[in-house]
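Using the sequences and the hints, build the whole thing.
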Amino acid sequence: MGSKKLNMEEKTCALTLLVQGMPGKCVVEELTVNRRSIYSQKMEAAKLEPNTIPPLKPGSGGKK
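Following full-length UniProt numbering, the numbering of the sequence shown begins with 1 at its first residue and continues without gaps.
Hints may contain errors.
List of simulated lysine to aspartate or glutamate pairs, DMTMM-like, C-alpha gap at most 20 angstroms [unchecked claim]:
id, residue 1, residue 2
1, 47, 10
2, 57, 9
3, 5, 44
4, 42, 9
5, 57, 44
The hints are simulated quantities; they were obtained by calculation from the structure and are not laboratory data.
See below:
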């Protein structure tokens with residue numbers, strides 16, 4: 001089974017939960033995604049200004 005990609009709504013939700021103090025493990029269970037996905041989003045968000053969301057990778061979400 002392939003890994004689930006986060007859409008913008010899920011990214012926003014994940015980062016909001018992390019900012020509110022929810023542990024990463026609980027965020028993973030809440031959104032049913034890989035722990036690495038949440039960690040990557042958290043690291044990308046740390047590089048950005050407040051109230052911004054990490055962008056999607058180029059080519060992600062395109063038609064196959």
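So, going through the hints one by one against the coordinates:
1. Restraint check for residue 47 and residue 10: the C-alpha separation of about 19 angstroms stays at or below 20 angstroms, so the hint holds.
2. Between residue 57 and residue 9, the direct Cα distance comes to roughly 15 angstroms. Compliance with the 20 angstroms bound is thereby established for this hinted pair.
3. Pair hint residue 5 plus residue 44 holds up; C-alpha atoms about 15 angstroms apart against a cutoff of 20 angstroms.
4. Of the supplied pair hints, the one linking residue 42 and residue 9 holds, its CA atoms being roughly 15 angstroms apart against a limit of 20 angstroms.
5. For the hint pairing residue 57 with residue 44, the CA-to-CA distance comes to about 12 angstroms; that is within 20 angstroms, so the pair holds.
Hint compliance for this structure: every hint is met.
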